[in-house]
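**Student:** Sequence:
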Amino acid sequence: MSHCHDEAHAHGHGHGHGHHGHDDHDHDHDEAPDSDLVHESLYQRIDHDNVVCLNETELGQGRDVLKPWHEKMDDTKILESDADEQLIMRIPFTGMVKLKSITLRSEPGETAPKKMKAFVNRDDLDFDSAESTTATQEWDLVEDTHGQVAEYSTRVAKFSSIRSLTLFFGENFGGDTTRISFIGLKGEFSEFKRDPIITVYELQANPADHKVPGTKDDLSHEIE
Numbered sequence: 000m001s002h003c004h005d006e007a008h009a010h011g012h013g014h015g016h017g018h019h020g021h022d023d024h025d026h027d028h029d030e031a032p033d034s035d036l037v038h039e040s041l042y043q044r045i046d047h048d049n050v051v052c053l054n055e056t057e058l059g060q061g062r063d064v065l066k067p068w069h070e071k072m073d074d075t076k077i078l079e080s081d082a083d084e085q086l087i088m089r090i091p092f093t094g095m096v097k098l099k100s101i102t103l104r105s106e107p108g109e110t111a112p113k114k115m116k117a118f119v120n121r122d123d124l125d126f127d128s129a130e131s132t133t134a135t136q137e138w139d140l141v142e143d144t145h146g147q148v149a150e151y152s153t154r155v156a157k158f159s160s161i162r163s164l165t166l167f168f169g170e171n172f173g174g175d176t177t178r179i180s181f182i183g184l185k186g187e188f189s190e191f192k193r194d195p196i197i198t199v200y201e202l203q204a205n206p207a208d209h210k211v212p213g214t215k216d217d218l219s220h221e222i223e
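Residue numbers for the sequence shown follow numbering that gives the first Met the number 0, beginning at 0 and rising by one.
By construction, these hints were calculated from the structure, which means they are not laboratory data.
All the pointers check out, no bait thrown in.
FRET-style restraints, in silico, Cβ to Cβ:
| no. | residue 1 | residue 2 | range |
| --- | --- | --- | --- |
| 1 | 69 | 156 | 26 to 32 Å |
| 2 | 108 | 81 | 15 to 21 Å |
| 3 | 192 | 72 | 34 to 40 Å |
| 4 | 170 | 76 | 21 to 27 Å |
| 5 | 73 | 133 | 33 to 39 Å |
| 6 | 143 | 175 | 17 to 23 Å |
| 7 | 131 | 76 | 29 to 35 Å |
| 8 | 109 | 189 | 37 to 43 Å |
| 9 | 74 | 130 | 27 to 33 Å |
| 10 | 59 | 94 | 20 to 26 Å |
| 11 | 76 | 97 | 24 to 30 Å |
| 12 | 81 | 192 | 38 to 44 Å |
Where a beta carbon is used, it is the ideal one built from N, C-alpha and C, also for glycine.
With these hints in hand, go ahead and build the complete structure from the sequences.
**Tutor:** Okay, here's the thing in structure tokens:
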């Protein structure tokens with residue numbers, strides 16, 4: 000399990016929450032201009048119409064907190080859990096994504112999420128299966144970010160071919176409900192590519208299809 004002490008820090012402060020690890024992604028974004036952060040934002044690469052949030056108090060709240068970076072401090076749109084403190088977010092993309100970090104902002108205190116699990120290309124998870132399934136990565140979250148956003152780095156090698164991302168917030172710091180005001184995703188994006196081999200195969204008959212099974216040539220024909 001990867002802990003927030005290694006991978007999270009709040010923007011807007013001269014200190015992080017704990018020490019940084021030794022991988023290339025752990026560096027202090029406090030000194031980075033907002034333009035760099037916007038450049039890596041995946042906001043425009045999210046298929047917003049098909050975002051699903053389970054256990055939100057009102058339909059569309061989950062989608063609403065996937066805001067552009069310049070709205071990260073806007074508290075007019077809040078995601079709040081309904082029946083209990085748990086939330087699941089299913090976030091599809093319009094292409095293939097390499098995810099570098101997940102940024103969160105929530106109100107400090109008991110309603111802030113305490114745990115986060117991320118799953119790659121798993122759109123089938125409900126609350127029971129999210130509890131029992133091994134996550135691609137999970138984090139202990141920061142309780143008090145002093146009103147700023149906290150960024151959690153991913154193990155990029157495990158998040159390099161993402162069509163969809165599922166986030167599971169399993170518990171908070173003691174509140175009846177969980178409240179989140181901003182979720183931001185940073186990384187790299189590439190368009191889906193169609194496989195030209197499939198196209199050629201569909202348009203042209205393959206001589207191998209017409210061989211009689213059991214003959215010598217049966218194993219010698221492969222699609223190139």
